[in-house]
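This is what each chain is made of:
There are 2 protein chains.
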Amino acid sequence: MSFTFERIASVGAARAGIFTTPHGPVHTPAFMAVGTLATVKALDPLELRAIGCEMILANTYHLHLRPGDDLIKSLGGVHRFMAWDGPMLTDSGGFQVFSLESLRTVSEDGVEFRSHIDGSKHQFTPESVMRIERNLGADVIMQFDHVIPGQSDDAVARDASERSVRWLVRCKAEFDRLAADESVASQALFPIVQGGIHSALRQEASRAIQLAGDWKGYAIGGLSVGESKPDMYAMLEVVNEELPVARPRYLMGVGFPEDLLEGVRRGVDLFDCVAPTRMGRNGTAFTTDGRLNVRRAELRADPRPLDESCDCSTCMRFSRAYIRHLFVAEEILGLRLVSLHNVHFLVALMRRARAAIADGSFDGWSRDWLARYHSRPTPVP
Amino acid sequence: MSFTFERIASVGAARAGIFTTPHGPVHTPAFMAVGTLATVKALDPLELRAIGCEMILANTYHLHLRPGDDLIKSLGGVHRFMAWDGPMLTDSGGFQVFSLESLRTVSEDGVEFRSHIDGSKHQFTPESVMRIERNLGADVIMQFDHVIPGQSDDAVARDASERSVRWLVRCKAEFDRLAADESVASQALFPIVQGGIHSALRQEASRAIQLAGDWKGYAIGGLSVGESKPDMYAMLEVVNEELPVARPRYLMGVGFPEDLLEGVRRGVDLFDCVAPTRMGRNGTAFTTDGRLNVRRAELRADPRPLDESCDCSTCMRFSRAYIRHLFVAEEILGLRLVSLHNVHFLVALMRRARAAIADGSFDGWSRDWLARYHSRPTPVP
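So the sequence lines, in the order shown, correspond to chains A and L. The opening position of the first sequence corresponds to residue 1 in our numbering, with each subsequent residue numbered one higher. The opening position of the second sequence corresponds to residue 382 in our numbering, with each subsequent residue numbered one higher.
By construction, these hints were calculated from the structure, which means they are not laboratory data. Ideal Cβ positions, reconstructed from N, Cα and C, are used throughout, including at glycine. There may be inaccurate statements among the hints.
[Claimed, not checked] Covered stretches of chain L (chain A as the covering partner; in silico rule of three or more C-beta atoms under 8 Å from a C-beta of chain A):
#, region
1, 394–406
2, 462–474
3, 505–518
4, 675–688
5, 707–714
[Stated by the list, open to error] Label-pair distances were calculated between CB atoms; the ranges are:
#, chain 1, residue 1, chain 2, residue 2, range
6, A, Ala13, L, Asp670, 54 to 62 Å
7, L, Lys502, A, Glu101, 31 to 39 Å
8, A, Arg166, L, Arg672, 19 to 27 Å
9, L, His503, A, Arg376, 37 to 45 Å
10, L, Ile389, A, Asp289, 36 to 44 Å
11, L, Ile498, A, Leu100, 53 to 61 Å
12, A, Ala50, L, Ile399, 42 to 50 Å
13, A, Asp85, L, Ala431, 14 to 22 Å
14, A, Met316, L, Pro625, 40 to 48 Å
15, L, Val550, A, Ser375, 57 to 65 Å
16, L, Arg672, A, Leu100, 33 to 41 Å
All chains should be modelled from the sequences, with the hints used to inform the complete structure.
Next up, the structure:
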């Protein structure tokens with residue numbers, strides 16, 4: 001069996017497990033770094049491997065436009081293209097095309113949109129997205145879904161959520177057809193639970209999705225898109241009750257340290273977010289005492305590492321003073337070092353959470369961790 | 382003895398040797414990557430080490446202005462600051478301040494100049510440069526010299542060359558005073574042979590410098606600054622006859638593949654140049670068949686590595702198509718991969734030259750190598 005999920009331990013809803021894919025295992029809970037254009041920005045796949053990052057993500061929308069999924073297929077698929085031989089996931093482009101706003105038209109068939117690069121016209125349908133994700137060849141591929149703003153009202157959320165379920169059925173039909181037709185890599189199609197911040201809709205979506213197939217895992221979409229934190233946590237609790245406990249759950253686009261721990265506490269196994277690399281390029285580092293702006297003048301002669309409790313390759317070698325110098329001088333190495341530290345920070349946080357679930361200490365440990373993380377006003381001006 | 386030079390083999394004027402420094406050995410001939418601001422642009426010291434780069438360079442002018450040599454000293458010196466524990470060399474800032482043109486005033490005492498960053502006033506004298514290079518703490522430090530354009534006439538070249546010798550005497554006095562005063566790291570001061578493209582001046586400078594001290598090595602400056610290739614090669618031949626055979630020679634700022642081989646043939650042991658990293662960031666790769674512009678449309682679906690005979694980490698993993706994609710999408714990893722390949726290319730070229738000197742085949746091998754490198758019109762548009 002190509003895709004399995006073994007639960008090793010649990011503390012309340014929090015679980016430690018192993019999600020096995022054709023490209024290897026992912027020890028969960030896990031943070032997946034985002035390689036939008038088939039590169040995790042500023043980082044080398046070897047560095048990701050070295051920090052213990054097991055699974056990464058790439059974006060269907062971006063790769064379809066540039067360099068093209070046909071090209072990537074002709075070069076052996078996205079794994080070989082970007083020299084990442086570990087587990088990979090592609091999103092469906094739903095989030096991106098619905099973010100285009102004035103550049104797109106939605107119908108039951110799919111979404112017509114114009115490229116943000118050159119204005120060229122494209123259409124995503126459940127069927128076309130399956131073909132693109134097949135071409136890319138990631139291990140886990142996401143259904144095409146209808147994404148709405150975080151605070152949409154019940155009617156809008158219901159329309160989008162129900163459409164997402166109808167699109168899931170079409171995705172599955174095309175996915176199955178392609179799997180039968182071609183000798184392609186083994187892939188798993190994940191459905192996405194939508195429903196905005198409406199408990200009943202999240203419940204209905206969770207149930208409808210399970211009626212539509214036997215899935216290797218489930219994604220939770222449409223969160224961390226403008227709604228409040230309590231709303232997000234409430235939705236995770238609803239979905240946790242509904243989804244089968246024996247399958248991994250992936251909370252899409254969520255990736256700040258506090259969100260990860262609160263997600264794990266509510267039964268989430270996989271996360272992704274561009275935050276660690278985007279913040280890394282902007283010169284903001286995660287630390288166990290909150291965020292640190294590496295450009296601050298006080299760091300000018302600071303011999304300490306970004307985070308004194310961190311054992312990443314950046315912190316084991318370089319001072320805050322040096323990293324500040326690199327940012328002031330606009331040196332590329334600065335972007336690399338802070339991006340690497342930030343991705344390591346989230347990967348290591350999930351590794352630590354896993355150990356705390358395994359030894360039963362997750363509740364106390366995560367409470368203490370968050371208290372320290374929030375213990376002082378964030379030093380970012 | 383902290384600094385030694387052992388010659389292992391020679392073919393004509395070409396020599397293979399080992400230059401030993403307090404931070405380890407350098408197998409010569411060797412190419413040194415340039416870490417202008419205490420970072421070899423876009424690369425990590427671990428990558429440099431992995432490709433066999435043994436010695437690197439940093440720039441006194443740039444580090445004095447930003448972040449300041451006092452700061453670097455307080456943080457343990459440039460080795461620790463940038464996490465490079467191998468041999469290092471700093472230039473004297475002479476080349477940079479004389480390049481400032483309208484921003485500087487030259488006198489016998491030294492050069493007054495304005496920072497290219499903020500216009501602030503500074504003065505470099507032989508004495509102040511020695512203090513700065515002591516603060517930085519590289520293994521090899523260069524004298525402060527008077528640099529002139531490549532095609533300067535005899536009078537201008539004589540004036541600058543003779544001033545450089547007088548400044549060398551002042552550098553040495555300050556260097557000796559500092560070495561006696563402080564318990565600083567062991568450093569070697571290299572003199573610089575100037576004299577433009579005038580054989581008699583190069584001869585006179587070589588002799589005057591040797592009368593001024595017993596040096597651990599010699600630099601050849603003021604070449605590759607606008608003069609013709611035959612003029613440069615002629616000067617190397619003159620200097621080769623004059624300098625002691627038992628000491629390493631460093632040809633400053635020279636670093637294209639053809640210049641390296643022609644330099645080795647004329648008795649040069651060490652080279653440096655920003656070309657491999659600058660070209661890397663611009664998307665131009667060295668290959669055994671000449672230069673390659675990685676943005677070219679023909680590379681769109683090219684599955685081959687940048688150079689099919691290369692075993693660097695870039696070429697062992699990534700296709701031209703992928704690297705082109707990274708440049709088109711303006712991804713940082715593209716700058717990294719081509720910079721790494723280019724530095725590896727020159728380091729490996731010198732490693733190969735060393736082997737060819739050791740087995741006596743240098744003349745034929747280098748002739749063949751250059752013939753292939755020049756065999757087709759350069760594919761850079």
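Which of the numbered hints above does this structure break? 1, 3, 7, 8, 10, 11 and 12
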